[in-house]
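Protein sequences appear in the order of chains D and F. With numbering that gives the first Met the number 0 applied, the first sequence covers 0 to 317. With numbering that gives the first Met the number 0 applied, the second sequence covers 0 to 291.
These are calculated hints, taken from the structure and not from any lab test. Don't take each hint at face value.
Reference excerpt, derived from the structure (chain D facing chain F, CB under 8 angstroms, subset only) [claimed, not checked]:
id	residue
1	Tyr107
2	Gly114
3	Leu115
4	Phe178
5	Ile193
6	Val242
7	Lys276
8	Val283
9	Val286
Beta carbons are placed, not taken as given, at the ideal position from N, Cα and C, and that holds for glycine.
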Amino acid sequence: MKRWGPDATVFAVIIGALLLAPLVVYPVLVMKAMCLALFACAFNLLIGYLGLLSFGHAMFLGGAGYAAAHAAKVWGLPPELAILVATAFAAALGVVVGWLAIRRQGIYFAMITLGLAQLFYFVCLQSKLTHGEDGIQGVPRGHLFGLIDLGSTTAMYGFVLVVFVLGFTLIYRVIHSPFGAVLTAIRENEPRAISLGYNTDHYKLIAFVISAALAGTAGATKALVFQLAALTDVHWSMSGEVVLMTLIGGLGRFSGPVVGAFVIIAIEKLFGESGGKIVVAQGVVFVACVLLFRQGIVDAIRNPRALLRVLRLLRLLS
Amino acid sequence: MPGITIPALLGQLLLGLINGSFYALLSLGLAIIFGLLNVINFAHGALYMLGAFVGWALLHYLGLGYWWALIIAPLVVGALGMVLERTMLRRLYRLDPLYNLLLTFGIALIIQGLFQTKFGSSGEPYAIPELLRGVKDLGFMVLPIYRGWVTVVSLVICLATWFVIERTKLGSYLRAATENPALVQAFGINVPRMVMMTYGVGVALAAFAGVLAAPIYRVSPGMGAETIIVVFAVVVIGGMGSIMGSIVTGFALGLVEALTKVFYPPASSTVVFAVMALVLLVRPAGLFGKAP
Numbered sequence: 000m001k002r003w004g005p006d007a008t009v010f011a012v013i014i015g016a017l018l019l020a021p022l023v024v025y026p027v028l029v030m031k032a033m034c035l036a037l038f039a040c041a042f043n044l045l046i047g048y049l050g051l052l053s054f055g056h057a058m059f060l061g062g063a064g065y066a067a068a069h070a071a072k073v074w075g076l077p078p079e080l081a082i083l084v085a086t087a088f089a090a091a092l093g094v095v096v097g098w099l100a101i102r103r104q105g106i107y108f109a110m111i112t113l114g115l116a117q118l119f120y121f122v123c124l125q126s127k128l129t130h131g132e133d134g135i136q137g138v139p140r141g142h143l144f145g146l147i148d149l150g151s152t153t154a155m156y157g158f159v160l161v162v163f164v165l166g167f168t169l170i171y172r173v174i175h176s177p178f179g180a181v182l183t184a185i186r187e188n189e190p191r192a193i194s195l196g197y198n199t200d201h202y203k204l205i206a207f208v209i210s211a212a213l214a215g216t217a218g219a220t221k222a223l224v225f226q227l228a229a230l231t232d233v234h235w236s237m238s239g240e241v242v243l244m245t246l247i248g249g250l251g252r253f254s255g256p257v258v259g260a261f262v263i264i265a266i267e268k269l270f271g272e273s274g275g276k277i278v279v280a281q282g283v284v285f286v287a288c289v290l291l292f293r294q295g296i297v298d299a300i301r302n303p304r305a306l307l308r309v310l311r312l313l314r315l316l317s
Numbered sequence: 000m001p002g003i004t005i006p007a008l009l010g011q012l013l014l015g016l017i018n019g020s021f022y023a024l025l026s027l028g029l030a031i032i033f034g035l036l037n038v039i040n041f042a043h044g045a046l047y048m049l050g051a052f053v054g055w056a057l058l059h060y061l062g063l064g065y066w067w068a069l070i071i072a073p074l075v076v077g078a079l080g081m082v083l084e085r086t087m088l089r090r091l092y093r094l095d096p097l098y099n100l101l102l103t104f105g106i107a108l109i110i111q112g113l114f115q116t117k118f119g120s121s122g123e124p125y126a127i128p129e130l131l132r133g134v135k136d137l138g139f140m141v142l143p144i145y146r147g148w149v150t151v152v153s154l155v156i157c158l159a160t161w162f163v164i165e166r167t168k169l170g171s172y173l174r175a176a177t178e179n180p181a182l183v184q185a186f187g188i189n190v191p192r193m194v195m196m197t198y199g200v201g202v203a204l205a206a207f208a209g210v211l212a213a214p215i216y217r218v219s220p221g222m223g224a225e226t227i228i229v230v231f232a233v234v235v236i237g238g239m240g241s242i243m244g245s246i247v248t249g250f251a252l253g254l255v256e257a258l259t260k261v262f263y264p265p266a267s268s269t270v271v272f273a274v275m276a277l278v279l280l281v282r283p284a285g286l287f288g289k290a291p
């Protein structure tokens, strides 16, 4: 068995880059990117290794954001416990949603997860706990283990980096375990996996819950970074964004979503965070990825001419 | 329940029928497209919105009224659909259908974003045509004429579509191509052209629904996105196995939504998704779907 594959090299490069990043880029932006990257890696566990496209993953990101914000602000829990509570909440939500959604496959799975996420969105919009349109504001970052004040950007940055690396490593372990091998087998040929005696629904559900829980960890961390849990994180457009991040990185490529998350943040920087322009830009990148660069960024680098044309089109739109 | 009068209840049910008309027209188009192309058309909502905007633009820039819009908007959007099919969707048929879902999602974002940039989020009003203004007293309730018109015309279009597909020669080609495109092609029927036309007709139905919706809701860039998510739930509930199934499910869910609005208003925006969850528990293939 190979212990240090190309994944490990990429992993080391990513961590190195993240350690140096705050020297050149606004740290909060990198923290946001790390949260979204973890979110996208969790999402990629489903689409990349199980072939299931969830179009409702925002509910785990945003739902856990609300849970963490509530735990930290109303219950006064320290940040590490708030994140744990939120992760557990996302996992529980994942059990219910996954249990319903894995009854269908392919595009139906996508539509069902989208529908259930929309249900969750409306609940968040109306619930008193989430404060509707205002969201939960002024969430205290608190003291990590009662010792380290996360109010300082440096401490928070280090904390987010640790959460990100832990989550990333966990997903790596899941994929490279016998469990991960079964997931790949289900993606490649489900009837055959069933005939070999695997209870595929069971495996799908576990993978779905792991993915939901880690998406929750990402959302909870994001809520602490911004000290805010709001409706944008449970909206369907966020579910679309995570699909896009994964698509940019290349479906099923382990480190792809990380790259995708940073590209998305860059696009947001260029086009503004809201309004019509960013929506158009995301749509163009979607179409370009599906039609021209199906392996994501790797294909884009291989075909610089097409990439240049897409970039020119994007500049025209900005 | 106290405080709910019969006229108010009937009024809500009528609103439900109207929403149901849009659900039926949209899910019908989705079902036709899915049957032949195996594509779930995520751009359907955006094209519905585009239909409404074409209607608005015809009036605003060219002075062409509602009746022209009902004919021209579906033609324009249908033509655009055929171009999209020929230039983009067609390239992905050999791949996993998820790619076409993602492609049409991207197209939807582009269309929606462009209109958001141009018109903002609030949208434009569209007046009810003169002929259909006013109300009619039916004795047991007061019927706004436009609302009655929308319900009737949607029903007629839905049934006509059903008739064409299930009872005519053209429809039999379509059904045959859905079952086995290679064989139908071997009989000398131009299947790729049929696929293109089908996509065009499917999205033309969406544009038609958009024009019908224009005087009821404001014509706004966001009107498609929210609707299409509900329509997807409708599709999951009905199953995409039958044309009649999607029509019935569409109208029925509009009514369910309306009844919820009367008896427990806070749940009216979520009830369709709750029904979807329930149906998945009892009949995962959908009410009219074939077992997977």
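Status of each hint after checking the structure:
1. Tyr107: holds (6 angstroms)
2. Gly114: holds (4 angstroms)
3. Leu115: D/Leu115 check passes; min Cβ-Cβ to chain F is 6 angstroms, inside 8 angstroms.
4. Phe178: Since the shortest Cβ distance to chain F is 23 angstroms, the answer is violated.
5. Ile193: For D/Ile193, the interface hint is violated, since the closest Cβ of chain F sits about 14 angstroms away, which is over 8 angstroms.
6. Val242: holds (7 angstroms)
7. Lys276: Cβ of D/Lys276 sits 6 angstroms from chain F, so the hint holds.
8. Val283: Hint on D/Val283: holds, closest Cβ of chain F at ~6 angstroms, below 8 angstroms.
9. Val286: At about 4 angstroms, which falls below the 8 angstroms cut-off, the nearest Cβ of chain F leaves the hint on D/Val286 intact, so it holds.
Consistency with the previously given hints fails for numbers 4, 5, ordered from lowest to highest.
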